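There are 2 protein chains.
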Amino acid sequence: MKVDLIIKNGLVMTMEGRGVGLIENGAVAIKGNTIQAVGSTLEITRGYTAEREIDAKDKLVMPGLIDAHIHTGLALLRGVAQDIHHWMQKGLWPFMKHVTIEDSKKGSMVNIIEGIQAGTTTFCDYDRSMNHLVENYIKIGARARVAELVNEIPDNIGDVPVGELYPFYTEIGEQKLSNNLSLIEKYHESANGRITCILGPHGPDLLSVELLKEMKGLAEKYNTKLHMHVAQGDREIDQMVKRYGKRSIAFLEELGYLNERLIAVHLTEATDQETEVVAKSGAGMVYCSGSIGIIDGMVPPVLKFIESGGMAGLGSDQAPGNNCNNMFNEMKFAAILNKVKRSNPTVFPAALSLRLATIEAAKVMGMDHEVGSLRKGKKADIILINLLEPTLSPLFVDPIRNIIPNLVYSARGHEVETSIIDGQIIMENRQITTIDTRNAILEAQQAAKEVSTRAKQDILHANSEMLQMMEEGLL
Amino acid sequence: MKVDLIIKNGLVMTMEGRGVGLIENGAVAIKGNTIQAVGSTLEITRGYTAEREIDAKDKLVMPGLIDAHIHTGLALLRGVAQDIHHWMQKGLWPFMKHVTIEDSKKGSMVNIIEGIQAGTTTFCDYDRSMNHLVENYIKIGARARVAELVNEIPDNIGDVPVGELYPFYTEIGEQKLSNNLSLIEKYHESANGRITCILGPHGPDLLSVELLKEMKGLAEKYNTKLHMHVAQGDREIDQMVKRYGKRSIAFLEELGYLNERLIAVHLTEATDQETEVVAKSGAGMVYCSGSIGIIDGMVPPVLKFIESGGMAGLGSDQAPGNNCNNMFNEMKFAAILNKVKRSNPTVFPAALSLRLATIEAAKVMGMDHEVGSLRKGKKADIILINLLEPTLSPLFVDPIRNIIPNLVYSARGHEVETSIIDGQIIMENRQITTIDTRNAILEAQQAAKEVSTRAKQDILHANSEMLQMMEEGLL
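Taken in sequence, the protein lines are chains X and C.
So in full-length UniProt numbering, spot 8 of the first sequence is number 8, and the numbers just go up one at a time.
So in full-length UniProt numbering, spot 465 of the second sequence is number 465, and the numbers just go up one at a time.
Since the hints were derived computationally from the structure, they do not count as laboratory data.
Check each hint, because a few of them may be wrong.
[As the list claims (entries may be wrong)] Think about it this way: if two alpha-carbon atoms lie no more than 27 Å apart in a straight line, the pair counts; the simulated DSS-like pairs of lysine-lysine are:
1. C/LYS139 / C/LYS449
2. C/LYS341 / C/LYS304
3. X/LYS57 / C/LYS341
4. C/LYS280 / C/LYS221
5. X/LYS242 / X/LYS2
6. X/LYS304 / C/LYS341
7. X/LYS186 / X/LYS246
8. X/LYS213 / X/LYS57
9. C/LYS57 / X/LYS456
10. C/LYS2 / C/LYS186
11. C/LYS139 / C/LYS216
12. C/LYS304 / X/LYS341
13. X/LYS57 / C/LYS449
14. C/LYS139 / C/LYS213
15. C/LYS57 / X/LYS449
16. X/LYS280 / X/LYS376
17. X/LYS341 / X/LYS376
18. C/LYS221 / X/LYS341
19. X/LYS213 / X/LYS186
20. X/LYS242 / X/LYS213
21. C/LYS280 / C/LYS304
All values derive from a computational prediction rather than experimental measurement.
Using the sequences and the hints given, assemble the complete structure.
The structure is reproduced here in structure tokens:
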């Protein structure tokens, strides 16, 4: 049978079954945007011919990574809010009100480039101005499941003193919800199906109970998921207790939010019991290891969630928190931080990290019929990794393999040489072929320069520990 | 004045003073293997001319990183011992007795390549067969402060059941000590001074009190330091208590080991009080964040050590534990794991990580007169980092800078483009110029294949959790 592309002679890792699904000397046949067959090189080359063949000798061929939670619209502010208290209020918000949609879009593109260069093929982006950011994904050729960040708080929320209840403005919520709906109407299943859209309530503390209820109804109407921060910090719990007299999980349970439509992000502050309630409800969880480690110095209860029968995926969160958007970083941190949390080197083995960045993340996002593993009929989202990089050398095969620990604990991301998304080669020899990456970076640099000029007085006024670090020559 | 090399137009980070010592639009003049001057581009280009100039526009120019604790001789076994209990006994040792000196040397070279590609210029290598491994550093052109691992235990130590006292063999100790001394005699201050040699007692539990005393005397005779594991795990403490009825720190204190000659590596099991004792003694500490996180699920008391007035540096340890030897990885892990340990995002700020990988590590190793910062008279060990990589973009400068958090929390290592060691350019455009890196990797691959064949029965006999993971398709 004639197909468009055959990848052959590689070590294929399908992520099918309960493990990682390795096929030595394997191959993949691709027609259009779809995987036609996966098997041994012998089987595939006997059964298929193609215009183009990629010789994957000394390469690992695996599903593209899924970043289950990223805010690319914040990427322009990478590195401006670290090592301080009140990261969001004193670090981010003084900048935020000076970031235009165009600025945000420029930063987003750099972030997407970074992700693709480190093997991400599906971005679950959750941010404001998504009707604009989504254009970046269309242009660069990535897969994205996007949601508009819907809340009822004003842009100058940073002026509200820490600890005071946020004001809600109905008209702001209506506008943002309308953006989310127009996103769905305009972009859902666009770009050959690469772009899909879901709903994005910002968090139980950031919009009114009326709007939360309305969005729940809309999720049922559109038969879609709700991407939402839940118990994401003591700041949220403080707001919930002050406003409603109850913590986030109990509040959401009463509201009927705890079910398979919910993608509960972070759960940083969830107790073991609350974690179990969410896991058993059928909701998914996204764990952002690096971001929560840096911002909060905490390890959310992802292992407890999985042990309670829940589905979880990994996300890189935003650049000014993590500060990188590299799923290899997340896989390594997820494993090590949980080993440290449990004081046990055997928990969170490498294969679990790999699953949480591929097939399990796909399940959480409701995309496992399309991506997350290499199987006939799924979309052709595939990355090729150079096994002759020193970080992955040498390779042991028998009686034990070392490729899985080395992928998770040693690879940095730059070992990814080729990225195929929706059947199209969008990166080859580490060069992204669809856009001018240097120009994208220079545009973001110019935007950052202008934002810092406009935001200067607010930054000085916020008086975070970073100003003192500047004085002490530490920054 | 005429010099050999000028690096100009860069963002220079000297690591001088108490912070990071940034100079915008800075330059460095190098003559022979020595830094002649550091200053603004204007100053340097007015005062110096050179045969060769490097335009460092959009580059960060900083001291090469110092890996204060690495066992490159184990690198061949990267990835064979993760996610299990008894990492050393059941993971490493079944392989170890089948690894020849030549195998070990081949793995070591891949490890050194990996380090250089991620910005390491000084390797504090501490391993068996150092008289052979040291040739790799001479060949590739790196700086190394090396020590032979001196113990009195046999190669088949893996056959001793977990928990039993190790047998000591005087003749093994004598041979290894003799190797350490011949290393010093033959290689100390060789290769234009790039190679320096110190003493390397393996750990308080792995050689007899007589040999420990002898090595202490030799350290005084040679006026040198002792690179040693101290309180590196419950395994060590168990051996110490069983053999001597006391824990490692108390034992070493009585032996007169706690002073500025000691480089105490890990201190994983040290109590707060023991940590303070070591810090106040003048001994240095090396913290290996990734390795101890993976192997033990622990965060050693490095912050307590620094707070007690001690000098600390970072090390990457061995590839089959960490599993990578990348100081960017160590810097990020050091910061985040300590934030998590203290549940406080403000502890271990980015600048501290940078100092512990440069100037503070140089102090711990007794090399701060030569390396660790950019200053007139120091050796020219300098790396250039591309600031236009997406992981470091965009750059904010005023009123706060983001380059330091982004270097520590976002860079992966591959942003390092150029490496100058002892005044020689040994990597340019990410290509190491002094050896054939591909050939080195293929040689290590062949050696690994042979080792796994020879070790197969021992690996099966050790019956670690990795065999079960193989069966379950997790490896």
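Taking the hints in turn, this is what the structure says about them:
no.	hint	verdict
1	C/LYS139 / C/LYS449	holds, 25 Å
2	C/LYS341 / C/LYS304	holds, 11 Å
3	X/LYS57 / C/LYS341	violated, 43 Å
4	C/LYS280 / C/LYS221	holds, 24 Å
5	X/LYS242 / X/LYS2	violated, 64 Å
6	X/LYS304 / C/LYS341	holds, 19 Å
7	X/LYS186 / X/LYS246	violated, 37 Å
8	X/LYS213 / X/LYS57	violated, 53 Å
9	C/LYS57 / X/LYS456	holds, 25 Å
10	C/LYS2 / C/LYS186	violated, 35 Å
11	C/LYS139 / C/LYS216	violated, 31 Å
12	C/LYS304 / X/LYS341	holds, 19 Å
13	X/LYS57 / C/LYS449	holds, 17 Å
14	C/LYS139 / C/LYS213	violated, 35 Å
15	C/LYS57 / X/LYS449	holds, 17 Å
16	X/LYS280 / X/LYS376	violated, 31 Å
17	X/LYS341 / X/LYS376	violated, 39 Å
18	C/LYS221 / X/LYS341	violated, 45 Å
19	X/LYS213 / X/LYS186	holds, 23 Å
20	X/LYS242 / X/LYS213	holds, 20 Å
21	C/LYS280 / C/LYS304	holds, 11 Å
Of the hints listed earlier, those the structure fails to meet are numbers 3, 5, 7, 8, 10, 11, 14, 16, 17 and 18, in rising order.
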